[in-house]
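Construct the complete structure from the given sequences, taking the supplied hints into account.
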Amino acid sequence: MERVQTETANPKVAEEWQPRIVGFLCYWCSYTGADGAGTARILYAPNVDIVKVMCSGRIDPELVTTAFARGADGVLVCGCHIGDCHYINGNHKTMARMPLLKRLLTDLGIEPERFRHEWVSAAEGQKFAQLVTEMTEQVRKLGPLNWPGIMHRRGVGHGQDLRPWGE
Amino acid sequence: MSEAMTRNEQVGGEEPRIGVFICHCGGNISDVVDVKRVAEEIGKLPNVAISTTHMFMCSDPGQGLIQEKIKECGLNRVIVAACSPSLHELTFRRTLNRAGLNPYLFEHTNVREQVSWVVDDKELATQKTTRLIRAAVGRTRHLVPLEKRHIPIHPATLVIGGGVAGLTAARDLARRGIEVTLIEHSDHLGGRMADLGHLFPTEDKAGDLLEPLIQEVLAAQKIRVYTHAKVEESTGAIGDFHLKIRLGGNGKPGEVVEAHVGVVILAIGLEEYAPREGEYGMGLYPQVITLLDLARELAKERPGQEFTLNGRPIRNVAFLHCVGSRQHPGVHKPGPQGKINDYCSRYCCTGILHSACELKKRYPHLNIYEFFEDIRAYGRGHEEYYTKASEEGVRFVRFDPLRPPCVEKDPRGESPLVVRSIDRLTENMEVEVPADLVVLGIGLQARDMSKLIDLYRCSVGVDRFLLEVHPKLRPVELAVSGVFLGGSAQGPMDITEATAAAAAAASKAAAMITQGEIEMDPFIAKVKEELCTGCRICLSVCPYDAISRDEEKGIAVISEKLCTGCGTCAASCPSNAIQQFGFNDAEVKSEVLALLGVPEREPVAA
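Keeping their order, the protein sequence lines are chains A and B.
Under the working numbering, the first residue of the first sequence is numbered 88, with each subsequent residue one higher.
Under the working numbering, the first residue of the second sequence is numbered 0, with each subsequent residue one higher.
Simulated from the structure, these hints should not be mistaken for lab results.
Please read these numbers as outputs of a predicted model, since none were measured by experiment.
The C-beta atom is built at its ideal place from N, Cα and C for all residues, glycine as well.
Treat the hints with caution; some may be incorrect.
Pairs of lysine to any residue, SDA-like flavour, derived with a Cα cap of 25 Å [to be verified]: (1) K214(A) to P573(B); (2) K214(A) to L188(A); (3) K338(B) to M182(A); (4) K35(B) to Q105(A); (5) K471(B) to Q213(A); (6) K332(B) to H168(A); (7) K560(B) to N176(A); (8) K189(A) to V540(B); (9) K471(B) to I129(A); (10) K189(A) to P573(B); (11) K214(A) to P328(B); (12) K228(A) to D119(B).
Computed spacing ranges between beta-carbons, pair by pair [as the list claims (entries may be wrong)]: (13) P199(A) to E426(B): 29 to 37 Å; (14) K243(B) to L195(A): 47 to 55 Å; (15) L195(A) to K552(B): 31 to 39 Å; (16) T126(A) to G176(B): 49 to 57 Å; (17) L195(A) to E518(B): 42 to 50 Å; (18) E518(B) to A183(A): 28 to 36 Å.
On the chain B side, residues computed to face chain A include the following (Cβ under 7 Å) [what the hints assert, rightly or not]: (19) E112; (20) K127; (21) R402; (22) C405; (23) D409; (24) S458; (25) V461; (26) A478; (27) V540; (28) P542; (29) C565; (30) G566; (31) L592; (32) L594; (33) L595; (34) V597.
Written as structure tokens, this is what we have:
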């Protein structure tokens with residue numbers, strides 16, 4: 088499989104391709120914020136599928152890499168703002184982990200735009216909706232990821248986790 | 000995997016038989032999402048025994064359908080795709096319970112707030128709904144039955160704070176026959192209210208309300224009162240707190256008394272905003288005072304006498320609203336903690352209007368001016384003060400929040416001070432009024448609660464006040480079980496609201512104690528002993544100090560009572576030895592894989 092070259096891609100085709108983005112959201116702030124976008128009927132891109140966790144501190148970097156390895160074109164991680172964590176400081180761990188993870192992912196050939204880490208409070212439905220639409224457009228421009236393919240070409244795709252089960 | 004897994008009697012190694020129930024929500028969902036098509040697609044997935052829709056799944060017939068299908072199809076797991084789980088997750092857990100199924104073999108998929116209300120393209124909405132339910136099926140395959148935790152409660156309470164809120168909570172608890180230890184850090188009971196005169200909106204005298212309350216508390220056999228007292232140490236958790244309370248007075252540390260309680264109520268109140276030196280002339284001119292200074296002055300009541308300040312008769316009074324409240328970045332300087340108070344302090348509009356009416360009543364000749372940004376007389380009986388003040392001739396000047404008024408010496412020397420502002424009510428005309436007295440309507444802010452925040456692991460908001468779990472679903476409860484918020488430690492309140500919050504906290508505490516034990520959600524973390532290497536990483540990440548190390552076995556141990564189920568330890572364990580119930584690796588990973596459409600062929604290591 089080859090990566091889609093966005094520069095030459097037919098915009099109509101790009102329009103038809105829908106990026107798959109996995110969103111890991113903490114329950115108390117960000118998930119409630121996303122609910123708020125719904126209650127306010129704010130329309131946004133349907134490409135981020137939400138996986139709920141109690142606290143963003145639960146988001147094991149392995150979950151993020153698993154998502155990329157098994158077909159996600161992007162991953163979004165959202166938690167409570169610093170100082171507003173339902174679990175005092177669970178999000179401090181997120182704050183420490185995610186930038187490191189981002190560097191690692193970049194080293195592994197994943198464009199930085201494909202992995203975002205943002206704070207979204209329970210009141211920030213509007214912000215969440217904008218974030219999702221913006222990220223979807225960024226990922227759409229980059230095209231499908233096909234990480235296992237990249238890793239294979241680099242000669243590092245030997246781990247079981249990097250082979251989609253479908254193959 | 001754990002006790003919960005081995006307790007798995009109902010599922011007991013059976014193949015998962017999942018029932019998927021998709022709600023139309025009366026059209027809220029089905030107008031956008033082709034629910035019939037989703038149900039068909041989902042019905043093709045392995046382990047899905049039935050996939051169907053209903054107009055209102057939360058209605059009696061909807062829940063009846065779920066119960067009926069659980070029996071008819073021998074379902075051992077259930078998914079409902081409907082509104083947000085914050086609305087009806089509990090409803091459907093109960094439905095499962097009634098049908099004899101463990102309530103935690105349930106997954107709630109949100110396809111209203113996060114699909115039909117935010118996506119207008121029907122095809123894309125239908126696809127997203129299918130993906131989300133597919134993910135839920137992946138997750139649900141791995142669910143295990145969980146049991147609520149039962150924790151016994153020692154029938155005694157500690158109330159921290161002897162202001163009107165703490166007194167109210169203590170009295171209410173004692174009236175229910177519950178033992179109370181009430182501690183107050185200052186030398187007197189009654190707090191800030193003890194300084195006040197007439198109170199809005201009832202016009203009662205503060206003392207007339209406070210005295211009988213204090214007398215009842217002091218006389219109650221069930222209440223032990225300590226003034227000059229502070230919590231020095233608190234160990235244990237819900238149901239079983241052990242405290243050391245340091246007594247002392249005159250700045251000298253005294254003896255330590257111990258208390259054993261099941262529940263703690265924090266009624267520590269808040270503090271007044273202290274205007275900075277020079278803010279609106281504060282500290283520069285003796286004629287500038289705060290609203291609470293004025294309230295204390297008015298409480299003294301000298302009928303018939305002229306209103307004077309330092310012997311000088313007062314003719315013109317200017318009130319300034321929103322001092323230390325609703326501050327704007329760039330306009331107001333941050334306080335000592337580097338933050339501005341951008342919230343509304345709530346009591347001050349009515350407080351100022353009330354004082355203005357009181358002044359007009361006693362000294363009708365006074366000229367009174369109010370400089371305000373907005374008038375927020377929101378409470379019952381509060382608006383009447385605004386109407387009355389307007390009728391009595393109080394003059395209102397509406398300033399621009401980005402250009403607040405300034406207080407200066409009168410350049411002509413006719414009056415001690417002048418207040419200058421633009422008035423948005425008269426198309427930004429410049430206004431200057433003479434003032435013999437300037438009263439700053441100071442806001443309220445969180446006091447330094449760092450010791451208690453540390454002791455009870457309280458969540459703190461960006462406004463520095465304590466956070467309750469949920470303002471509507473679980474008011475006055477802190478995230479840490481067994482600790483309640485009685486009053487204005489959770490935000491600015493007037494006396495009416497603070498006593499209501501205190502009474503609510505007392506009634507929740509009493510309910511807990513009367514039951515003798517509480518049930519808690521089972522989503523806590525647990526260590527798999529055989530995998531734990533004793534590396535201590537989890538000890539360092541736990542926000543609640545709920546993890547200790549069993550030095551004998553060389554492994555980590557998580558306290559069931561202290562764990563609140565954030566899962567941070569599970570994410571940081573390098574040996575995968577920690578699993579969070581309800582969010583274990585198998586459950587979350589399978590959800591992600593199913594979401595991405597990876598067919599499940601091999602079991603995911605848990």
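Now for the hints, and whether the structure bears them out:
About 34 Å separates the Cα atoms of K214(A) and P573(B), which puts this hinted pair outside 25 Å; it is violated. For a cut-off of 25 Å, the pair hint linking K214(A) to L188(A) stands: about 23 Å separates their Cα positions. Proposed proximity of K338(B) and M182(A) is supported: the alpha carbons are some 21 Å apart, at most 25 Å. Proposed proximity of K35(B) and Q105(A) is supported: the alpha carbons are some 23 Å apart, at most 25 Å.
Straight-line distance between C-alpha atoms of K471(B) and Q213(A) comes to about 21 Å, which keeps the hinted pair within the 25 Å bound. Note on K332(B) and H168(A): the hinted pairing holds, with a Cα-Cα distance of about 23 Å set against a maximum of 25 Å. Of the pairs offered as hints, the one joining K560(B) and N176(A) holds, with about 19 Å between alpha carbons and a cut-off of 25 Å not exceeded. Restraint check for K189(A) and V540(B): the C-alpha separation of about 21 Å stays at or below 25 Å, so the hint holds.
For a cut-off of 25 Å, the pair hint linking K471(B) to I129(A) stands: about 23 Å separates their Cα positions. Restraint check: the Cα-Cα separation between K189(A) and P573(B) comes to about 19 Å, which is no more than 25 Å; the hinted pair holds. A threshold of 25 Å between alpha carbons decides the hint, and for K214(A) with P328(B) the separation of about 20 Å falls inside it, so the pair holds. Note on K228(A) and D119(B): the hinted pairing holds, with a Cα-Cα distance of about 22 Å set against a maximum of 25 Å.
A beta carbon spacing of about 51 Å between P199(A) and E426(B) contradicts the range 29 to 37 Å that was offered as a hint. Under the hint 47 to 55 Å, the C-beta atoms of K243(B) and L195(A), about 53 Å apart, fit the expected range. As the Cβ distance of L195(A) to K552(B) is approximately 38 Å, the hint placing it in 31 to 39 Å holds. Evaluation of the 49 to 57 Å hint for T126(A) and G176(B) yields a failure: the beta carbon distance comes to about 43 Å.
For L195(A) and E518(B), the Cβ-Cβ distance of about 45 Å falls inside the hinted range of 42 to 50 Å, so the restraint holds. Separation of E518(B) from A183(A) is about 34 Å and conforms to the stated range, judged on CB atoms against 28 to 36 Å. Interface restraint check for E112(B): the shortest CB-CB distance to chain A comes to about 3 Å, inside 7 Å, so the restraint holds. Restraint check, K127(B) versus chain A: the minimum CB separation of about 5 Å is within 7 Å; hint holds.
A hinted interface residue such as R402(B) counts as satisfied when its beta carbon comes closer than 7 Å to some beta carbon of chain A; here the least separation is about 28 Å, so the hint is violated. The interface hint given for C405(B) is violated, since its Cβ lies 33 Å from the closest Cβ of chain A, which is over the 7 Å cut-off. With a least beta-carbon distance of about 44 Å to chain A, the hint placing D409(B) at the interface is violated under the 7 Å criterion. Taken as an interface hint, S458(B) checks out: its beta carbon lies about 6 Å from the nearest beta carbon of chain A, inside 7 Å.
With its C-beta approaching chain A no nearer than about 5 Å, V461(B) sits inside the 7 Å limit, and its interface hint holds. Because the closest C-beta pair between A478(B) and chain A is about 6 Å apart, less than 7 Å, the hint holds. Annotation: interface hint on V540(B) holds; nearest CB of chain A at approximately 6 Å, less than 7 Å. Because the beta carbon of P542(B) sits about 4 Å from the nearest beta carbon in chain A, less than 7 Å, this interface hint is met.
Given hint, C565(B) at the interface with chain A, holds; its Cβ is 4 Å from that chain's nearest Cβ, closer than 7 Å. Because the beta carbon of G566(B) sits about 3 Å from the nearest beta carbon in chain A, less than 7 Å, this interface hint is met. Here the hint on L592(B) is kept, as its CB sits about 6 Å from the closest CB of chain A, short of 7 Å. Look at L594(B): its Cβ gets to within about 5 Å of chain A, closer than 7 Å, so that hint holds up.
Against a cut-off of 7 Å between C-beta atoms, the interface hint on L595(B) holds, since the closest Cβ of chain A lies about 4 Å away. The restraint placing V597(B) at the interface with chain A holds, with a minimum CB-CB distance near 5 Å, inside the 7 Å limit.
Hint check: violations occur at hints 1, 13, 16, 21, 22 and 23; the rest are consistent with the structure.
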